[in-house]
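From first to last, the protein sequence lines stand for chains R and B. According to this note's numbering, numbering within the first sequence proceeds without interruption in unit steps and concludes at 323. According to this note's numbering, numbering within the second sequence proceeds without interruption in unit steps and concludes at 573.
Keep in mind that the hints were calculated from the coordinates and are not lab data. In this text, a Cβ means the ideal position worked out from N, Cα and C, and glycines have one as well. Take the hints with a grain of salt, since some may be wrong.
[Claimed, not checked] The following label-pair restraints were derived from C-beta to C-beta distances:
hint: 1; chain 1: B; residue 1: E344; chain 2: R; residue 2: T125; range: 22 to 32 Å
hint: 2; chain 1: R; residue 1: E113; chain 2: B; residue 2: Q547; range: 41 to 51 Å
hint: 3; chain 1: R; residue 1: E222; chain 2: B; residue 2: F376; range: 38 to 48 Å
hint: 4; chain 1: R; residue 1: V15; chain 2: B; residue 2: K519; range: 39 to 49 Å
hint: 5; chain 1: B; residue 1: T348; chain 2: R; residue 2: V15; range: 18 to 28 Å
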Amino acid sequence: MANKILAVLEQRDGVLKRSAFETASAASKIASELNLEAEAVVVGNDISNINDIGNYGISKVVHLKNADLVNYSSSGYRDAIVNYATEVDGDYIMLANTSLGKDLAPRLAVKLEAGCLMDCVKLDTSSGELTATRPVYAGKALVDVKFNSGKKVITIRPNVFKAQSTDGSSVDVTVNEVSSPNLKSRVVEFKKSEGKLDVAEADIIVSGGRGMKGAEHFNLIEELADSLGAAVGASRAVVDAGWRPHGEQVGQTGKTVSPSLYVACGISGAIQHLAGMSSSKYIVAINKDKDAPIFTIADFGIAGDVFDVLPALTEEIKKVKQG
Amino acid sequence: MKIAVCVSHVPDTATKVKIGEDGKTIDPNGVTYVINPYDEIAVEEALKAKEKFGGDSEVIVLTVGSDKAKETIRKALAMGVDRGVLLKDDNHRDSFGIAKALAEEIKTLGCELVFCGKQSVDYDNSITGQLVAEMLDYSCISVVVNLTIEDNKLTAEREIEGGKEIVESELPAVVTTQKGLNEPRYASLKGIMSAKKKTIDEKPAADSDNLTEVVKMHLPPPKQAGRIIGTDSSAVPELVKLLREEAKVL
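Whole structure, please, built from the sequences with the hints as guidance.
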């Protein structure tokens with residue numbers, strides 16, 4: 001029997017996330033290249049869209065189910081997955097590099113005596129074994145890394161591997177009831193940031209820097225973000241100044257992001273900021289100083305005043321969207 | 324209560340990365356090394372925990388690396404940590420190797436509460452704290468922005484996508500620290516002076532095989548500077564057109 005790759009798919013409130021389908025697609029691709037058998041593993045209670053996994057190249061799903069596992073529990077999820085992976089002797093485990101993935105992957109790795117490669121942006125199998133590419137120094141450099149271990153745990157960066165929708169094949173869902181999960185560590189409450197997208201998961205980000213001249217002008221950033229369905233990001237300078245929360249910071253001591261579109265407003269482009277966002281597919285810079293470093297990596301720039309350009313841009317986007 | 328804080332000696336975030344001669348690591352020439360920014364937050368939280376527990380509580384700073392890493396230990400000592408341990412290894416270790424050395428020493432020291440930065444700004448793996456916890460069979464809460472410890476129980480807020488999770492766990496535990504948890508104190512002159520008299524134990528890091536291996540380090544493809552299409556809002560329609568038709572992102 002072929003070795004297995006287990007794609008551990010993340011759900012929130014009983015719904016599989018977009019990154020889950022990216023993980024399923026990536027695992028299914030690696031499985032076909034390395035002649036492995038791909039299986040999806042979902043931990044939680046009721047999962048409304050579990051059958052959608054079939055659209056992303058995996059037809060076998062194992063649902064590790066318990067009402068107490070509806071929310072994340074590092075100990076409970078770890079034990080459920082380790083037990084299953086041991087039972088089926090899975091060689092590869094893949095997760096998305098989300099908050100949950102980052103927390104859980106190393107725990108699985110220790111218990112399974114596996115090497116662990118985080119935040120991979122490229123997976124290459126052309127040599128017959130897996131070599132992963134991952135950013136280091138917040139993206140200032142990349143390393144190609146291979147495993148020296150039999151068991152392997154991999155997390156993939158969200159938004160990089162596309163969720164490839166294939167013709168919906170049927171899925172075979174096996175429900176394994178998890179008896180008395182280990183709830184030594186558990187989430188007791190989730191405080192949602194109302195209506196806000198997170199920069200780490202967003203496909204479009206509008207970021208503001210010191211050129212916004214004060215917290216009170218970030219409504220211009222928020223309005224543009226709303227018109228684009230984008231998340232709001234911030235430079236370190238404005239976070240340190242207390243204009244925006246830490247969670248929005250993009251850059252080397254904030255989040256490293258790779259959205260389809262990154263709009264930098266009033267951001268000059270310190271090396272730490274550029275490291276965190278330069279792998280975005282398209283970058284737009286709006287900044288008064290035409291010599292600002294941000295323009296050296298921007299695809300399109302307007303060397304003008306954010307207070308003039310942003311309202312006009314928001315209006316134009318709204319017009320186009322209503323189209 | 325014995326409290327451990329694990330720190331990493333890393334290139335300053337202002338470093339412009341050049342690839343070293345081995346093709347696998349960065350060229351250290353001209354690079355300034357500092358305490359990992361997230362680890363300063365860990366040190367601060369460890370000192371706060373010591374103040375809270377009082378009595379004969381003690382904070383011990385640990386790092387794995389070469390002699391040069393002593394500089395980062397001294398920084399933690401200057402902030403107020405009681406003593407340091409350098410787990411020596413001049414060779415590159417992956418996160419597993421580092422965690423193994425830390426876990427072995429924490430076990431020897433008998434620390435029941437451990438703080439680590441949520442990630443180091445060099446290799447960005449963000450896993451060392453969790454690895455140490457699992458190796459010790461401790462609880463672990465990662466990416467913490469708010470923490471209370473009452474008796475044996477930890478309640479923490481972790482930052483996750485779209486909000487904050489409140490997590491409950493119990494000691495012994497590892498906590499990994501995120502920006503926002505506290506404002507690290509500056510080392511006072513007195514602190515810097517007294518750090519010179521504090522002990523740094525040196526011992527070989529516990530043996531460990533690397534489970535992963537860097538084959539090659541390379542720079543990202545240079546990004547071509549694009550077009551500046553205007554200097555005021557009159558360029559906006561052109562910008563939107565490019566985003567729709569050329570970039571196809573709208």
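Consistency of the hints with the structure:
no.: 1; hint: E344(B) - T125(R): 22 to 32 Å; verdict: 29 Å, holds
no.: 2; hint: E113(R) - Q547(B): 41 to 51 Å; verdict: 45 Å, holds
no.: 3; hint: E222(R) - F376(B): 38 to 48 Å; verdict: 43 Å, holds
no.: 4; hint: V15(R) - K519(B): 39 to 49 Å; verdict: 57 Å, violated
no.: 5; hint: T348(B) - V15(R): 18 to 28 Å; verdict: 42 Å, violated
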